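Residues per chain are reported as follows:
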Amino acid sequence: MLEIRNLHASVDGNEILKGINLTINKGEVHAIMGPNGSGKSTLAKVLAGHPSYEVTGGEVLYYGKNLLDMSPDERAREGVFMAFQYPVEVPGVSNAQFLRLAYNEKQKHLGQEELDPLEFKDLLKEKAALVEMDASFMTRSVNEGFSGGEKKRNEILQMAVLDPKLSVLDETDSGLDIDALRIVAGGVNKLHDPEKAVIVVTHYQRLLNYIVPDFVHVLSAGRIVKEGGKELALELEERGYDWLKNGANKHTAAPVAS
Amino acid sequence: MVTELANEKSAYSSALRDLMKVSGEPSWLRELRGSSFDQFERVGFPGVEQEEWKYTNVALIKRTNFTPVVNSNGTALSKRNGLAPFIYDETRDSTFVFVNGIFRDDLSSCNGLSGVVALDLNDALQISEYERVIRASLERNADGDNNGFELLNTALFAGGLFVKIPRGVNLSTPIQLQFVSEPVKGESPAAAFPRVLIVGEENSAATIIESYRATAEGVYLTNAIVDIVLDEGARFQHYKVQRESAGASHIATTRADLGPKASYDTTTINFGAALSRHDIHVTMDHEGASCSVDGLYMVEGSQHTDTHSVIDHRQPHCTSRQLYKGILDGKSRAVFNGKVFVRHGAQQTDAQQTNKNLLLSSEAQIDTKPQLEIYADDVKCTHGAAVGQLEPDELFYLESRGINPALAKNMLTYGFAGEVIEKIQIESIRRELDEAVLNRLHSDLTIDV
Ligand SMILES: Nc1ncnc2c1ncn2[C@@H]1O[C@H](COP(=O)(O)OP(=O)(O)O)[C@@H](O)[C@H]1O
Ligand SMILES: [Mg+2]
Chain G
1 MLEIRNLHAS
11 VDGNEILKGI
21 NLTINKGEVH
31 AIMGPNGSGK
41 STLAKVLAGH
51 PSYEVTGGEV
61 LYYGKNLLDM
71 SPDERAREGV
81 FMAFQYPVEV
91 PGVSNAQFLR
101 LAYNEKQKHL
111 GQEELDPLEF
121 KDLLKEKAAL
131 VEMDASFMTR
141 SVNEGFSGGE
151 KKRNEILQMA
161 VLDPKLSVLD
171 ETDSGLDIDA
181 LRIVAGGVNK
191 LHDPEKAVIV
201 VTHYQRLLNY
211 IVPDFVHVLS
221 AGRIVKEGGK
231 ELALELEERG
241 YDWLKNGANK
251 HTAAPVAS
Chain H
1 MVTELANEKS
11 AYSSALRDLM
21 KVSGEPSWLR
31 ELRGSSFDQF
41 ERVGFPGVEQ
51 EEWKYTNVAL
61 IKRTNFTPVV
71 NSNGTALSKR
81 NGLAPFIYDE
91 TRDSTFVFVN
101 GIFRDDLSSC
111 NGLSGVVALD
121 LNDALQISEY
131 ERVIRASLER
141 NADGDNNGFE
151 LLNTALFAGG
161 LFVKIPRGVN
171 LSTPIQLQFV
181 SEPVKGESPA
191 AAFPRVLIVG
201 EENSAATIIE
211 SYRATAEGVY
221 LTNAIVDIVL
231 DEGARFQHYK
241 VQRESAGASH
251 IATTRADLGP
261 KASYDTTTIN
271 FGAALSRHDI
281 HVTMDHEGAS
291 CSVDGLYMVE
301 GSQHTDTHSV
311 IDHRQPHCTS
321 RQLYKGILDG
331 KSRAVFNGKV
341 FVRHGAQQTD
351 AQQTNKNLLL
361 SSEAQIDTKP
371 QLEIYADDVK
381 CTHGAAVGQL
391 EPDELFYLES
401 RGINPALAKN
411 MLTYGFAGEV
421 IEKIQIESIR
431 RELDEAVLNR
441 LHSDLTIDV
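Chains G and H are the protein sequences, given in the same order. For the first sequence, the numbering used here gives the first residue as 1, with consecutive numbering after it. For the second sequence, the numbering used here gives the first residue as 1, with consecutive numbering after it.
In short, the hints are calculated from the structure, not lab data. These numbers were taken from a predicted model, which means no experiment stands behind them. A couple of the hints might just be wrong.
Heads up, simulated DSS-like pairs for lysine-lysine below, C-alpha to C-alpha not over 30 Å straight-line [said to hold, decoys possible]:
(1) H:K21 to H:K261
(2) G:K121 to H:K423
(3) G:K196 to G:K165
(4) G:K18 to G:K65
(5) G:K125 to H:K423
(6) H:K423 to H:K380
If you anchor each label on the Cβ, the simulated ranges turn out as follows [claimed, not checked]:
(7) H:Q352 to G:N189: 47 to 53 Å
(8) G:G240 to H:G301: 57 to 63 Å
(9) G:K190 to H:P85: 48 to 54 Å
(10) G:K125 to H:S114: 41 to 47 Å
(11) H:Q365 to G:G27: 53 to 59 Å
(12) H:D393 to G:D242: 53 to 59 Å
Here a beta-carbon is modelled for each residue, glycine too, at the ideal position from N, C-alpha and C.
Start from the sequences and build out the full structure, keeping to the hints where you can.
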């Protein structure tokens with residue numbers, strides 16, 4: 001589904017991603033972990049097409065097509081979704097208006113039926129139940145005055161409505177208390193199916209107890225320095241990231257003695 | 001230049017001569033027309049050298065050879081033909097129509113209004129009970145404070161309207177004043193001089209919708225004065241929706257005088273006209289009055305819009321709120337000048353004023369000047385102005401959900417305007433504005449949920 005090859009990206013002339021390679025097949029759940037500032041959000045935003053990040057090398061293929069050639073809105077309509085680490089407040093535009101518009105744009109693109117406000121209300125009700133979100137959030141402006149946790153929940157609600165093929169969840173766990181974490185993770189799991197893939201970005205193992213990854217990749221200073229299965233997350237929880245930072249051997253679980 | 005000036009003068013002065021021939025006008029009105037016109041000839045149209053007109057150049061109005069409309073006209077229009085799209089659902093049976101500034105009883109529908117006095121100004125002047133208040137309105141500032149446009153309106157208005165909501169009457173149906181511009185056959189561009197006086201007697205309540213539209217694109221001038229006089233405890237809402245044709249000039253003065261404990265809530269929408277200027281003046285010369293004076297201007301291309309607002313706290317215990325928002329695209333230009341005066345002794349004044357502007361293009365230009373002048377010491381006053389652009393992060397957020405960039409811009413613009421629009425109590429106006437803002441980039445968007 002997604003093939004990232006030797007991806008380099010910069011912001012304001014500083015190279016942040018220094019050659020990322022990653023292959024994601026449908027049905028898979030990948031976790032990207034790593035210390036603060038290692039480039040996790042940068043990778044997520046580059047995949048979503050954020051204009052501040054300049055791709056300086058490499059390529060990204062999505063179903064064989066050049067993802068980097070597509071505008072952010074095209075990517076979304078083609079099924080790429082990023083849950084923001086810091087969701088943006090959009091004053092004056094209600095959540096329901098926003099979601100219906102986004103939903104219909106995608107339906108239009110796929111040649112499928114658009115929904116009028118009443119029909120959409122039903123769909124929204126069903127999706128909101130998935131993340132146990134109260135109806136009162138639908139008439140409020142997008143994210144405006146939402147708590148950190150409510151914003152994160154709202155991201156997953158958007159994911160539920162847009163039904164993406166590839167979801168990149170950037171630190172969706174931060175700001176969620178343990179009950180909310182369970183609910184949100186449960187929502188993500190219910191949305192998952194063999195045709196879809198999820199990339200979970202986090203620097204805590206906690207979330208991965210609920211959304212269990214097939215693969216774990218550790219990012220440090222813009223490179224993937226270690227890869228493994230879900231047990232790698234537990235090891236990181238125990239040992240921290242420091243032992244990996246300076247050129248660890250990518251494919252062994254033990255530190256390199258040199 | 002000399003010949004243009006001569007033309008300009010002859011068109012206006014021959015209109016005055018025609019008006020003077022109309023029989024039945026009281027002699028004081030003839031004198032007032034004459035003296036206003038003399039004064040206009042002396043001062044002319046305002047120029048940019050004047051502080052209040054510094055940013056708004058009316059040279060084009062000066063240069064254009066307008067024909068003042070002083071007789072009933074616009075015969076092609078009928079209630080069903082041409083007018084219908086301008087009339088709001090809420091006012092189907094409570095609309096007063098003016099064509100090129102002249103009140104047209106035959107096109108108006110007022111079956112839905114009972115207990116309201118609505119008369120052609122000339123007819124109302126024949127009734128001594130009304131003459132005094134009308135005269136006060138027409139003679140207002142006659143001693144020299146009127147600008148050239150106001151002087152010209154007083155000299156040349158014809159077929160104005162007098163509305164009175166009697167004591168204690170609470171009108172549930174809004175009243176629409178529909179000003180329609182229609183090209184006058186075979187003449188140079190029309191100049192219309194609408195003149196309206198609305199009186200709200202003690203404890204009356206009403207909603208007035210003042211709307212300006214044109215049946216065809218074209219060049220013309222609207223030069224309007226609407227006076228509102230509210231007695232003790234009267235509660236009025238007033239909407240002014242200016243959607244003149246793209247070639248038009250729209251100059252308007254609104255003056256509201258508030259009695260004790262009267263309340264006046266107004267929202268002005270400025271979308272149309274090549275050049276628009278609105279002077280709104282709210283005087284609170286009695287205790288306990290309150291007003292909110294809001295507005296939204298949305299301009300693009302080479303449009304120019306200017307709002308000059310004065311909120312005058314002259315007595316204690318009065319409250320004012322002002323929120324004006326502006327959306328500017330293309331090479332458009334907007335001016336907001338908002339004065340709030342708190343006079344000596346106007347203790348316990350509570351005044352808030354805000355002007356916020358959204359620039360959608362780097363070539364658009366805003367001159368904003370909120371101005372607070374306080375001569376009392378026990379008051380609560382705030383004011384502020386802001387100019388900003390669309391937030392790239394907000395745009396990206398919407399785009400990342402599959403919304404195309406033009407639509408994303410419109411949605412954010414709509415979000416910006418929402419603060420003013422959502423306060424409007426007339427659903428048809430809210431819908432009209434929602435659509436106008438959302439389709440600003442012609443995205444054919446409806447997002448009502
Ligand atoms: N817009 C930006 N301008 C400047 N530096 C940035 C910007 N975005 C990210 N960076 C820098 O890039 C590095 C990686 O950031 P980020 O991808 O957010 O890390 P992570 O998500 O792994 O914590 C950090 O050093 C950060 O300071
Ligand atoms: Mg991050």
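Here is what the structure says about each hint:
1. This hinted pair does not check out: K21 of chain H and K261 of chain H have alpha carbons roughly 43 Å apart, beyond 30 Å.
2. At most 30 Å may separate the alpha-carbon atoms for a hinted pair to count; K121 of chain G and K423 of chain H meet this at roughly 24 Å.
3. With a C-alpha separation of about 5 Å, the suggested pairing of K196 of chain G with K165 of chain G holds against the 30 Å cut-off.
4. At roughly 22 Å between alpha-carbon atoms, K18 of chain G and K65 of chain G fall within 30 Å of each other, so this suggested pair holds.
5. Taking the CA atoms of K125 of chain G and K423 of chain H, the gap is about 28 Å. The hint holds against a cut of 30 Å.
6. Simply put, K423 of chain H and K380 of chain H have alpha-carbon atoms about 23 Å apart, close enough for the 30 Å limit, and the pair holds.
7. Checked against the hint of 47 to 53 Å, the C-beta distance between Q352 of chain H and N189 of chain G comes to roughly 50 Å, which is consistent with it.
8. Our hint of 57 to 63 Å for G240 of chain G and G301 of chain H holds, since their Cβ atoms are close to 60 Å apart.
9. At roughly 49 Å, the beta-carbon separation of K190 of chain G and P85 of chain H lies within the given 48 to 54 Å, and the hint holds.
10. A hinted range of 41 to 47 Å holds for the C-beta pair K125 of chain G and S114 of chain H, which are about 45 Å apart.
11. At about 56 Å, the beta-carbon gap between Q365 of chain H and G27 of chain G stays in the expected band of 53 to 59 Å.
12. The hint said 53 to 59 Å for the Cβ distance between D393 of chain H and D242 of chain G, and at roughly 33 Å that hint is violated.
Hint check: violations occur at hints 1, 12; the rest are consistent with the structure.
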